[in-house]
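> In my numbering, the protein residues as written are 2 to 1264.
Certain hints may be false.
Ranges between beta-carbon positions, derived for each pair [said to hold, decoys possible]:
{"id": "1", "residue 1": "ASN998", "residue 2": "LEU641", "range": "46 to 54 angstroms"}
{"id": "2", "residue 1": "LYS299", "residue 2": "ASP573", "range": "33 to 41 angstroms"}
{"id": "3", "residue 1": "CYS385", "residue 2": "GLU115", "range": "53 to 61 angstroms"}
{"id": "4", "residue 1": "LEU953", "residue 2": "ASP725", "range": "53 to 61 angstroms"}
List of simulated lysine-lysine pairs, DSS-like, C-alpha gap at most 30 angstroms [unchecked claim]:
{"id": "5", "residue 1": "LYS163", "residue 2": "LYS552"}
{"id": "6", "residue 1": "LYS210", "residue 2": "LYS163"}
{"id": "7", "residue 1": "LYS353", "residue 2": "LYS302"}
{"id": "8", "residue 1": "LYS470", "residue 2": "LYS587"}
{"id": "9", "residue 1": "LYS552", "residue 2": "LYS584"}
{"id": "10", "residue 1": "LYS485", "residue 2": "LYS353"}
{"id": "11", "residue 1": "LYS210", "residue 2": "LYS107"}
{"id": "12", "residue 1": "LYS83", "residue 2": "LYS105"}
{"id": "13", "residue 1": "LYS509", "residue 2": "LYS520"}
{"id": "14", "residue 1": "LYS163", "residue 2": "LYS447"}
{"id": "15", "residue 1": "LYS571", "residue 2": "LYS191"}
{"id": "16", "residue 1": "LYS509", "residue 2": "LYS485"}
{"id": "17", "residue 1": "LYS353", "residue 2": "LYS83"}
{"id": "18", "residue 1": "LYS191", "residue 2": "LYS747"}
I should point out that these hints are in silico values taken from the structure, not numbers from a laboratory.
The beta carbon of each residue, even a glycine, is placed where N, CA and C say it ideally should be.
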Amino acid sequence: MVPYVLSYLTFEVPSMGQDTGDQTPSTENPGVHTDGGAAFCNANFTGGAHNFGTIVNQGPDANELKKHQLITTLPRAEAGRKVYEYNKQSGPCFPGTRQGILQKMKDWATDPSESGMYVLSGLAGIGKSTVAYTIAAWADEHHCLGAEFFFSRDEADRRSAKLFFIMIAYNLYHFNEKFKRTIGEALVTKAITESPQDQLDALILDPLKPIRNTLPPTLIVVDALDECDDKGFILTGLRQLVQALPSFKVILTTQPEALSNDDSTTREGRQVFLLHDIDADVVNEDIRIYLKYYLSAKQVKAQLPHLEEQWCASDAQVELLIQASGKLFIMASTAVRYILDTFWSAPDSQIKELLDAFAQGRTPFDNLVDFYTIILRSAIPVKCRDTRLVERYQAIVGTIVLAQVPLRVQSIARLMDIGGNQIRVVLRQLQSVISVADDIPRAYHKSFVDYITDSEQCEDINLRIDPTKRHTRIARRCFEMMGKHLKFNILDLGIPARFMSNEEGLAKDGISDAKLQEKIPLALQYACAYWDGHLRSANIDDADLVKDLEKFDNGRMLLPWFEVLSLIRKLDSAHRAIRVALKFLKPTASDLRQLLSDGLRFISKFYQIIERSALQTYYSALLFTPTDSLLYRRNIDDALHRGCNVIGTPNQWDALIANLSHGNQGDNIQFSLDSTMFVSWNNEIKAMLKVWDAVTGTPISMIKGSSCSFAIANDFSTVASFEDNAITLYNVNGSAQGATLTTSAKVLQVAISSGSLSWIAAGLSDGIVSLWEDGKPIGSFGDYRDGGRLEFSATGARLAYLAKKGVKLWDVIQREFVADLDLVSRDFAFSRDGSRIVSWHECSVVKLWDCADGQPVGTIEKSPVDVVAISDNGYLLAIGCRNSVQVWGENYGNLLQAVNLDLRKLTWSLAFSPDDILAIATKSDVKLYSIKHRSFLCTLSTSSYPALAFSLDCTRFAVGYLSGTVSLSDIRVIESSSLSSNQQESSRVTALALSCNCSRVACGFEDGAVELWETDGFQKRRIAAHRQERYIRTLAFSPDGRQFASGSNDGTITLCDGEDGARRADLQYSSDGGLREVEVSNSVLAAAGDHGIILWDCKTLDRIQSFDGSFASRTPLSFSADGALLAAIRSGYWRYFITVFDVTSHTAIDTLEAEAEGEAGVKDDIHTMAFLPDNSQLITVWRRRKPGFQLDSEFYFRTFNLVSKRAIRGPSFENFIQLPDMPLWHGVPVWMNRERGQYYLEALFSQHDDPALWNQRGRNFCT
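Taking the hints into account, I'd like the entire structure generated from these sequences.
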């Protein structure tokens, strides 16, 4: 479904004839293969088998074809040894070298009794990758190479862990038939997510563990772990793999610093070999063989065919090179490239120059520094006075080594405004240290980059690349390029393509990747996506750079920049870049600072819209931007010239920063101590923890599990995922710390201390609380209650947990018991400063305690107690007692009631902000109450028991919903708008209905009020209002719009005139309530609920018929166009029963059975239904439900043929617009929907041929 908005009405628009589930665009990174646009997402299919008729099973050929299609469309990175060889211009070990270590590794790989992992560790340049290449090639020849992955920091997809296990699974799939069959079946039945752990589980461990005893010996080769950005997780995942699958073995190469002290030693299950510990004589002999071959007369002639005189290196020269190389093969290979440099074609003089520099007898690393200096002299002579030559060299080499991602020569030329031929000249001069593969220059080895950017190693300022200076220059060129080329509709999309999603719009206008690169060259793409990386390291005092940055304002560059980022799928970099720019600017008021601040709010609020459709930046997002914002004022005139306008847009940015998608139910929220981040997580089923930027709402990282739970330290230093008998530790960026704690019994709860006290506590199913310090067990406590709360105080000095009787408080530092805090308490909470702790029992008492000595501070006798919150300093308590909330404060040692709030609804959760704003969550709303001002600040409509959290700096407030949405708001805006407004708090909207011609909307409220509004044009006008005794549950218009009915919770139904809202009659469904739904034809009013269905004549108001049965759930009623038929729904177990009544004969004439779809034990809902004009078919609209019983945004349709009793998917658009009771907004079918307590419209467009405005759901229809 695609979100559309027309003025203040929000719509959901499905793409006709295709899956309406959310689709993530396929990646376009070179080397990442998707072969058809597959991407990380959970597939949502709206097509498929219907509920009536025969289900046809696919044959084996079709099934195999499906598996093949799924494996080939997985996103993957080409990361095998051939890619390494092509990019690095380096292959296997030279014949005759490394024989000892290679034989040792081969023996290990073929010995079933050996450990499952072999780690080859060594210093940079010592030859690890060539060993990995050689052993992978050997294993391939011997048919035991299951998979290989060569990491590289130069390429995003080869330095990330995100595609690692997908590539391992892909290789295994093609390894042999058993793997192919098993992994293929997993692809068909399981959703593949972006989480590496999910990929490992879903594609490898889960499918292969049941057949592990039948699997062949399988070797996996992983090279350069130190170049991966998530080393800890790769190590952890590979350990899991070899432990779970005994026939698997892993060879892993890495630099020593990538390993922890524990990982760098041989132990059970793992061998570690330190390559730099090989005897010098052995290494020297290997290097001697290598040099003698490549510097022999035959090889010199082959490399330099135009050399006039035959030349080869003498034995003495070879020996000198060996001594200079030490144990570093990189020295030897670079020496060969330098000596046989085709640019000079003078091997004799090259080797003499090299050896003269090495004559001082330095260490290998010192020689390497001198070595690079010699090579660079090829481009820049000693004491070079040609400033143009030096600037050209520094611009070219600086861009190569400092670019955020590798760039082609052509892109470097365009970005830095340097001729391509000039670049190639420099590259030929430096070909011994910079390789060029696929026209992309890269440093052969990272030691060259370290040398050339380090003033201590590279002392010549002409040779050295000054990072600050070069980053400044690259940043300026990025701004210059964007200022020159960015513009509205850069791809020149026509109508309707510009109003479609990016994917559909590009396809509509035939914009291929090649055409996109013509309009947005790779150099411009780089400038847009990566300028912030250069600005971050640039000279903040460079006035010219500031002027270039101002192009975002005076060049009207901001919105076109968003457009391009959306088109190249890099919009997630916008938040980061703007924050870098704001930090770079001096903290003084300026138009540029204000514009960028607006841009940050703009991209946070409209991110989902712009990400999906680039040009909706102008057509929708800008139009809903506050009119007083500088961003709006700078750009709105151009938007108005394009024919777009919206009336009623607010003047200022509201409090809502962003609505974020957690995915599953976000039932826990926590801010970091510095208020820069917050996390949302859910436990158990499809567990997921997401880390967000607290300023913008930008996602930072994600940790997933299958059925685990999470805990996080207050300072966000550590995240723990626990399941069964294991606790896995992560960093907040999602990378694994490489440590797993195991326990004697199942882990039920985990707590993590913050700051200098790095303790972890786990409550176990055997009643023990285990304690670790720095990953080592240090003790345990007893009497833990199964599944009870376990928590450290903020300082980490105290640990409290629910015991079998009451709450136990321990001094963790001294390992001493402090006190039993009441023997009947069932829950507790620490104050944020760690000074107090409150305990309570739901049926009796609330007690406040001093954490230092465990002595009571005060007691509140209260029954019942639903929920309790404690303020940051421990001096205020909030207690939810059924339909009210009481606030108690300490006064001279006594606890006194300060506030009593009568809410008339059950309190679900409570939370204090540091400045004592109280958040109160019920099932239907969240209220913010100021203790200081004794007044409510605002009410937010919600659904289903939200989670609450305030940031410590008192600027942010987050609400997590079971629907999977997390809202992030600016608490300062809420406070200021509330304190400056005298308006009384409005009642919550509980029902909404739209007339068929969309000229009227009826609103029902929680306080029983009913209002009728006129909506012709873009203005809203209230026509009439009346009030019923109880809250309004349901509303409905007749097809002709002449009347509408409202039903309240007490069973009263009011019939009103649809034109002027005049109240015509009050009818009673039942004296004890039970009313669920009303529906009105042009002549008959129907009401359904616990007591069956009752019909009234709309003209005489006489009760004309009733039908027995219970319609307890809130399900729709529908009259046919002529009013002769009425359809009603009863719900059964995974089935719905649709009964069709003949209104004239007062009989039930048919019952249709519809089997519900759904997942995780939750069935989907029938949202609405309608007859076709000839009464031959009944169309039903279904809405997905997520686990947790939350409604999803995805709809699908089924049509029931009332003659054949068959159901089919559909309807067609032509059938849909014929529905007699379907409201039409300018000819477009629309219907009312509700999410998180807010109503919005959804619409169905047949094509995208007309301009449409997009906006996020959740915008209030009535205000």
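> Determine for every hint whether it applies to the structure shown.
Status of the hints after comparison with the structure:
Checked against the hint of 46 to 54 angstroms, the C-beta distance between ASN998 and LEU641 comes to roughly 29 angstroms, which is inconsistent with it. Between LYS299 and ASP573, the C-beta spacing of about 54 angstroms breaks the proposed range 33 to 41 angstroms. Between CYS385 and GLU115 the Cβ separation comes to about 57 angstroms, which falls inside the hinted range of 53 to 61 angstroms. Restraint check, LEU953 to ASP725: a C-beta distance of roughly 34 angstroms breaks the suggested window 53 to 61 angstroms.
Distance check on the hinted pair: LYS163 and LYS552 sit about 36 angstroms apart at the alpha-carbon level, beyond 30 angstroms; violated. At roughly 22 angstroms between alpha-carbon atoms, LYS210 and LYS163 fall within 30 angstroms of each other, so this suggested pair holds. For the suggested pair LYS353 and LYS302, the alpha carbons sit about 19 angstroms apart, so the restraint of at most 30 angstroms is met. Distance hint between LYS470 and LYS587 is fulfilled; the C-alpha atoms sit about 19 angstroms from each other, no more than 30 angstroms.
The hinted pair formed by LYS552 and LYS584 meets the criterion: a straight-line CA distance of about 17 angstroms does not exceed 30 angstroms. Proximity of LYS485 to LYS353 is assessed by CA-CA distance (about 50 angstroms); at most 30 angstroms being required, the pair is judged violated. For the given pair, LYS210 sits about 26 angstroms from LYS107 by alpha-carbon distance, which is consistent with the 30 angstroms threshold. The hinted pair formed by LYS83 and LYS105 meets the criterion: a straight-line CA distance of about 24 angstroms does not exceed 30 angstroms.
A distance of roughly 17 angstroms separates the Cα atoms of LYS509 and LYS520; the hinted pair therefore holds under the 30 angstroms criterion. Restraint check: the Cα-Cα separation between LYS163 and LYS447 comes to about 23 angstroms, which is no more than 30 angstroms; the hinted pair holds. Using a Cα cut-off of 30 angstroms, the hinted pair LYS571 and LYS191 holds, with the two alpha carbons roughly 28 angstroms apart. Of the pairs offered as hints, the one joining LYS509 and LYS485 holds, with about 28 angstroms between alpha carbons and a cut-off of 30 angstroms not exceeded.
Our distance criterion of 30 angstroms between C-alpha atoms is broken by LYS353 and LYS83, whose separation comes to about 35 angstroms. Distance check on the hinted pair: LYS191 and LYS747 sit about 27 angstroms apart at the alpha-carbon level, within 30 angstroms; holds.
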